[in-house]
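Trainee: In order, the protein sequence lines correspond to chains A and B. 0 is the number of the first residue of the first sequence in numbering that gives the first Met the number 0; add one for each residue after it. 0 is the number of the first residue of the second sequence in numbering that gives the first Met the number 0; add one for each residue after it.
Hint data in this document are derived by calculation from the structure and do not stem from the laboratory. Everything numeric in this text was worked out from a predicted model, so none of it was measured. Where is the CB? At the ideal position from N, CA and C, for every residue including glycine. One thing to keep in mind: the hints can contain errors.
To be verified - As a list, the in silico BS3-like pairs of lysine-lysine whose alpha-carbon atoms are at most 25 Å apart:
hint, chain 1, residue 1, chain 2, residue 2
1, B, Lys180, B, Lys3
2, B, Lys97, A, Lys86
3, A, Lys86, B, Lys7
4, B, Lys99, A, Lys86
5, B, Lys91, B, Lys121
6, B, Lys91, B, Lys7
7, B, Lys97, B, Lys121
8, B, Lys226, B, Lys97
9, B, Lys180, A, Lys86
Said to hold, decoys possible - Reference excerpt, derived from the structure (chain B facing chain A, CB under 10 Å, subset only):
hint, residue
10, Ala2
11, Ala50
12, Ala52
13, Ala79
14, Tyr98
15, Asp108
16, Tyr115
17, Pro119
18, Pro120
19, Leu134
20, Phe163
21, Val199
22, Glu203
23, Ala220
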Amino acid sequence: MSIMQIVLTILIIAGATAITRGLPFVLFPSDLHTPSYIRYLGGVLPCATIAMLIVYCMRHVEFVAWPNGIPELISTVAVILLQVRFKNMLISIAAGLALYMVLIRTVFETI
Amino acid sequence: MNAKAAIKAAFPYTIPVLTGYLFLGIAFGVLLQSSGFGFLWAGFMSVTIFAGAMQFVAVSLMTEPFAPLSVFLVTLMVNARHLFYGFSMLEKLRGIGKYKPYIVFGMTDETFTLLYSTEPPKDVSRGTFYFFITLLNHCYWIGGGIIGALLGSQLRFDMTGIEFVMTAFLTAIVVEQLRAKHNRIPCIIGLVASAICLLVFGPERFLLPAMAALIVVLTIARSPLEKKLPKQKATESETLP
């Protein structure tokens, strides 16, 4: 590809990404009445979507072969317990991440 | 102006994203550099595209023959999940003013999750607060990409596993969301439907079927679930102490 074509490719990707982000706002601009079905989806989708993102983050975890996703499982449970107990996002995330990075280097070392 | 107050209020919320984006951005920059594109390309892409997974795909698209239509369609497919963020944020972004176009442009997985789950402090307007969360995240992403492309293969830290920061971040957010009862069933639906689709369709193609499954199940379950939703805007949740 020429430089111009590469720039164009990048701009097409940027444009298509902006479309996926902006389309709902174009379809339902603020001054129009939003159908109740769409408002219902707006109420239930966020949590379902964030849950879907967790699965998306874990999509490459190998559950059938060693270490069977055990480090991910242990660390995620640690994040859940810490968050339930202390309600401090930074502590939960930092501790969960540290635990994960230690686990994959020690007990569950694969390399 | 309350810009300073807004940055100060926004920054703590973005720290997990800072960690994730800096390292993911560096990984992206290193990959880009190894494909023969320097830091200016990294900067240009991160400024204009600002979409993590898609920029990794873009690197391989940029080394193939020019195919504008297929690039366009691939991007729509990889990023289709963003449609859900828009539908989820219609109410929250209503009437927030001049920053709205940029906030919508910058609504990555992580920015959406933050915007959805945080409320501005009383002395900062919603628009300004959201704008700076988005802008800070954008800067981390651009910075990471440029650092990665500049340092490239000289980087020798073993950062294996750093990507778990995103899983931990999303998990902590979900825990907070689950404190509100009306979020529990939608969350379980999201988890189960996505996991089943992952098993059936595999890691590279499960996202679109999962989105379709979510819509179908949530539509079927509308009448019981809708009764549980708060009557007014559901904007009470906080994530940081």
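Trainee: Against this structure, judge whether each hint is valid.
Mentor: Results for each hint:
Distance check on the hinted pair: Lys180 of chain B and Lys3 of chain B sit about 36 Å apart at the alpha-carbon level, beyond 25 Å; violated. For the given pair, Lys97 of chain B sits about 33 Å from Lys86 of chain A by alpha-carbon distance, which is inconsistent with the 25 Å threshold. Under the criterion of a C-alpha separation no larger than 25 Å, the hint pairing Lys86 of chain A with Lys7 of chain B is consistent with the structure, at around 21 Å. For the hint linking Lys99 of chain B to Lys86 of chain A, the alpha-carbon distance of about 30 Å lies beyond 25 Å, and the restraint is violated.
For the hint linking Lys91 of chain B to Lys121 of chain B, the alpha-carbon distance of about 16 Å falls within 25 Å, and the restraint holds. Restraint check for Lys91 of chain B and Lys7 of chain B: the C-alpha separation of about 21 Å stays at or below 25 Å, so the hint holds. This hinted pair checks out: Lys97 of chain B and Lys121 of chain B have alpha carbons roughly 20 Å apart, not beyond 25 Å. Proximity of Lys226 of chain B to Lys97 of chain B is assessed by CA-CA distance (about 34 Å); at most 25 Å being required, the pair is judged violated.
Annotation: proposed proximity of Lys180 of chain B to Lys86 of chain A holds, straight-line Cα distance about 17 Å (limit 25 Å). Residue-level restraint check for Ala2 of chain B is violated (minimum Cβ-Cβ distance to chain A is 24 Å; threshold 10 Å). A least Cβ separation of about 5 Å between Ala50 of chain B and chain A falls short of the 10 Å threshold, and the interface hint therefore holds. With its C-beta approaching chain A no nearer than about 9 Å, Ala52 of chain B sits inside the 10 Å limit, and its interface hint holds.
Given the 10 Å rule on beta carbons, the hint for Ala79 of chain B holds: about 6 Å separates it from the nearest Cβ of chain A. Violation of the interface hint for Tyr98 of chain B is found here, the shortest Cβ-Cβ separation to chain A being roughly 13 Å, above the 10 Å cut-off. Residue-level restraint check for Asp108 of chain B holds (minimum Cβ-Cβ distance to chain A is 6 Å; threshold 10 Å). For Tyr115 of chain B, the interface hint holds, the least distance from its beta-carbon to any beta-carbon of chain A being 5 Å, beneath 10 Å.
This hint is violated: Pro119 of chain B has a C-beta 17 Å from the nearest C-beta of chain A, more than the 10 Å allowed. Interface hint at Pro120 of chain B: violated, since its Cβ lies 16 Å from the closest Cβ of chain A, which is beyond the 10 Å cut-off. Proximity of Leu134 of chain B to chain A is violated relative to the hint, the smallest CB-CB distance being about 16 Å (cut-off 10 Å). Interface restraint check for Phe163 of chain B: the shortest CB-CB distance to chain A comes to about 4 Å, inside 10 Å, so the restraint holds.
Proximity of Val199 of chain B to chain A is violated relative to the hint, the smallest CB-CB distance being about 13 Å (cut-off 10 Å). Nearest Cβ of chain A to the Cβ of Glu203 of chain B: about 8 Å, under the 10 Å cut. The hint holds. Taking 10 Å as the C-beta cut-off, the interface hint given for Ala220 of chain B holds, the closest approach to chain A being about 8 Å.
Hints 1, 2, 4, 8, 10, 14, 17, 18, 19, 21 from the earlier list are contradicted by this structure; the remaining hints agree with it.
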